[in-house]
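Protein chains: 2
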Amino acid sequence: MSTQTMDLTAYAVELARKARQAGYLMAQTKGQVRDAALRSAAQLLRQRSQQIIEANTRDMVAGEQAGLGKAVLDRLKLDEKRIAGIAADVEAIAAQVDPVGQVIDGWVRPNGLRIEKVRVPIGSVLIIFEARPNVTSDAAALCIKSGNACILRGGKEALHSNAAIGQVFRDAIAGAGLPAEAVQVIETTDRSLVPILLKQNEYIDLVVPRGGESLIRAVVADSTIPVIKHYTGNCHVYVDAGTESIADRIRDVCVNAKVQRPGVCNAAETFLFHKDIAKTLLPMVCAALVQEGVEVRGCERTRQLFAKARPAGEEDWYKEYLDLIIAVKVVDSLDEAIGHINKYGSHHTDAILTLNVPAADRFVAGVDSASVMVNATTRLADGGVYGLGAEVGISTDKLHARGPMGAADLTTYKYVVRGEWHLRT
Amino acid sequence: MSTQTMDLTAYAVELARKARQAGYLMAQTKGQVRDAALRSAAQLLRQRSQQIIEANTRDMVAGEQAGLGKAVLDRLKLDEKRIAGIAADVEAIAAQVDPVGQVIDGWVRPNGLRIEKVRVPIGSVLIIFEARPNVTSDAAALCIKSGNACILRGGKEALHSNAAIGQVFRDAIAGAGLPAEAVQVIETTDRSLVPILLKQNEYIDLVVPRGGESLIRAVVADSTIPVIKHYTGNCHVYVDAGTESIADRIRDVCVNAKVQRPGVCNAAETFLFHKDIAKTLLPMVCAALVQEGVEVRGCERTRQLFAKARPAGEEDWYKEYLDLIIAVKVVDSLDEAIGHINKYGSHHTDAILTLNVPAADRFVAGVDSASVMVNATTRLADGGVYGLGAEVGISTDKLHARGPMGAADLTTYKYVVRGEWHLRT
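Keeping their order, the protein sequence lines are chains A and B.
Straight run, no breaks: the first sequence in the working numbering ends on number 425.
Straight run, no breaks: the second sequence in the working numbering ends on number 425.
In isolation and in its complexed conformation, chain A is listed as follows:
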């Protein structure tokens, strides 16, 4: 039966109901069974790599015909090596400590009531993402690891690739004795399905949209289910006073933060230089950036120190360029830097480069961001780099999960209270 001809609402409700039921079953499974399913999925990914590549080739051909850009096609493409990498990521997730059942806290009340806060799966999670088929695998693996049921809605460009990868996970979990419905991959490209799914708050506990800002805003506007948002990354690097002796380090970190991969959310978009070192370090860093093809947009003082800089307007401080462009500003103090970051930034990832302990401490305490870096590039804000195995996204929300979200961030907790016929008096 083609999903196109089905009543979309009935289809959405059925997906959501199945996820709720599968989630209740998953919550009662043992970690060794979930890990075995993941290892089996990794094995199947490798065994079926030819099939997956064939499915991917169909997507690639369709994508070329549809005139997709080179970057999108590159992210879409799967080959033996990429599939082996995806399988290895699944095994890494399997090897992690089980977050489910972890006793987060526990104590005994004076009246003998025993209270535990126990980590439990959230239940059912809807993940909406764009073209990259490796997200299908990462998201499925993290949800299985954390004992959740998931509904995966990938981009239409990766339809066949996602279906092939999704089938691997369904076969693997069914083979391990887990409910196959714990992984459901949406195989219709009908765009009107998503708004209906986003109203199934009775059955779906959480939505994670992964993709551009417009996708996330559309999800937030339609959803009656809580959404973990990861909006833009307007990331800053602040170069503190007293850092002339490590000029090369400063230059290397700044260049890395901007150019190593400019199109991603943890790339730097603004550099702030303390006025005391601006004269020496600003021109050197900017020259190195220009050599890498970066366009520099600066405040008035920046332009006096580095003539090639174009003028930066107020709007530049808010921008996530995702491109080889950097905004540069000279600040009078650490406090001005912190104030600038909190006002214009996106609370994603911001770094200080300093040799001064109190400055590092004040920056860490004062900057209101998910990740605050001391003497490291903003590009390191990443689930893999942090050791979370893989990430389901990088949250710019403050509630529930902040920063890179791993398997443990797909859990909640329950209070388990054990008494001896305790009453309330």
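In short, the hints are calculated from the structure, not lab data.
Please note that the accuracy of each hint is not assured.
Chain copies aren't distinguished; within one or between two, either way the pair holds.
[To be verified] List of simulated lysine-lysine pairs, DSS-like, C-alpha gap at most 25 Å: (1) Lys-70 <-> Lys-81; (2) Lys-229 <-> Lys-199; (3) Lys-319 <-> Lys-199; (4) Lys-343 <-> Lys-117; (5) Lys-30 <-> Lys-18; (6) Lys-30 <-> Lys-343; (7) Lys-229 <-> Lys-319; (8) Lys-156 <-> Lys-199; (9) Lys-18 <-> Lys-343; (10) Lys-343 <-> Lys-199; (11) Lys-81 <-> Lys-319; (12) Lys-81 <-> Lys-229; (13) Lys-30 <-> Lys-77.
Following the hints, complete the assembly by docking chain B onto the known chain A.
Same frame as chain A, but now just chain B:
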């Protein structure tokens, strides 16, 4: 200047902006200063008890004139003893461990990158509540303890009482050197202010509505700020097979869960009896309930065992009576009980009464509720009983905070990453 004559939007934005700024300052304060402010607030509450009682008397007189019900007036009323109790609660919160700065987790990556997850205040919290003036004190104290700025919007019935209590906190925190704007009490009764405040997501991080379901639904409908919801408490007590030997305990817990305070969210609304013990225990428990003035509504099998029971319809299983009414059902198995609770319940608090270890374990694992009780009354689901000092509400959400919310639940975390000029390669 009267707020009535001010432009409400400008007033809302100013409240929100001040909260954001005060929040940034609060985030950098030391626990001993926040605790000193709380102890000073407790002292001021006692010192100014005559003033507070006078303000409260104005509310009581207005309430009587407005024809408020006896129960509402009782909750509104303050006297020396109640104020002493409120002050003692504030001191108990001051005595708790500081949640801010707690290192939740920390590790070193193989490349030497040092990663810490550090607990930090959420920032600015809007708390909307109904008549009880003690909530003003609890909410302010919990927000100060957790390093947040708060905006408090109490019911109009308690306007003068809330203003007097709010002033105590503002004086206490200013006296301790903290920003007075960290506690802002809204003193206009203009109802159109709230929807405007609920759109200030740029400045306010969290909304906690405390009150009836209609209040919460209205807040959710209007808010662009994340809301922690605490909807109804449709709480269950399941009486397991094999419990005849502890009939008196069963009866006492059931009666306590239903009648000790029927109007609150953690009172029981449905009892489930395993069929094997229904014949002996169901009539005994129901008779005890009737003696306490409870109306029993039962399934078919219940009515065969207890003739006084009126028939329960499908809609009864969903109901939060908040009254001396109980729905009673005989189930064939533990699994049926778990299924019933997950289907009809509100995921608030549910209890099993049992002597059987595997049954207790399966109930704890299978019931998807914020608090799962073993051999204790549902009435114990409470921040004070759990030892959280006081609660800002009982969340029926799954994300961020679940169950009674204490000071630590008003925090989030940031990743603090320390490197030695680490790059991404």
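message = Please sort Lys-81 with Lys-229 into within, between, both or neither, judging by C-alpha distance up to 25 Å.
response = neither (31 Å within a copy, 46 Å between copies)
Checking an output row: Lys-18 and Lys-343, CA cutoff 25 Å. Within, between, both or neither? Answer is between: at 14 Å across copies they meet the 25 Å cutoff, but 44 Å inside does not.
Original post:
Quick one: Lys-343 to Lys-117, C-alpha cut-off 25 Å, is that within a copy, between copies, both, or neither?
Top reply: between (36 Å within a copy, 23 Å between copies)
25 Å Cα threshold - placement of Lys-343 relative to Lys-30:
Intra 46 Å, inter 24 Å, cutoff 25 Å: inter-copy only.
ask   = 25 Å Cα cut-off: does Lys-229 pair with Lys-319 within a copy, between copies, both or neither?
value = Within one copy, since 18 Å is at most 25 Å while 34 Å is not.
| said: At most 25 Å between CA atoms: does that hold for Lys-30 and Lys-18 within a copy, between copies, both, or neither? | reply: This pair counts as within: shortest intra-copy Cα distance 20 Å, inter-copy 49 Å.
From the Cα coordinates, with 25 Å as the cut-off, is the pair Lys-229 and Lys-199 best called within, between, both, or neither? both (17 Å within a copy, 17 Å between copies)
**Message:** When Cα atoms must be at most 25 Å apart, do Lys-343 and Lys-199 count as within-copy, between-copy, both, or neither?
**Reply:** So Lys-343 and Lys-199 pass the 25 Å test across copies only (18 Å; inside, 34 Å).
Checklist entry - Quick one: Lys-319 to Lys-199, C-alpha cut-off 25 Å, is that within a copy, between copies, both, or neither? => result between (32 Å within a copy, 23 Å between copies)
* Given identical chains, is Lys-30 near Lys-77, meaning Cα to Cα at most 25 Å, within a copy, between copies, both, or neither? -> This pair counts as neither: shortest intra-copy Cα distance 35 Å, inter-copy 52 Å.
Pop the pair Lys-70 and Lys-81 into one bin, within, between, both or neither, using alpha-carbon distances up to 25 Å.
within (19 Å within a copy, 74 Å between copies)
Item to complete: Could you place Lys-81 and Lys-319 in one of the four classes (within, between, both, neither) given a Cα distance threshold of 25 Å?
Response: Neither: 36 Å inside a chain and 56 Å across chains, both beyond 25 Å.
Taken one by one, the earlier hints fail for this structure at numbers 11, 12 and 13, listed in ascending order.
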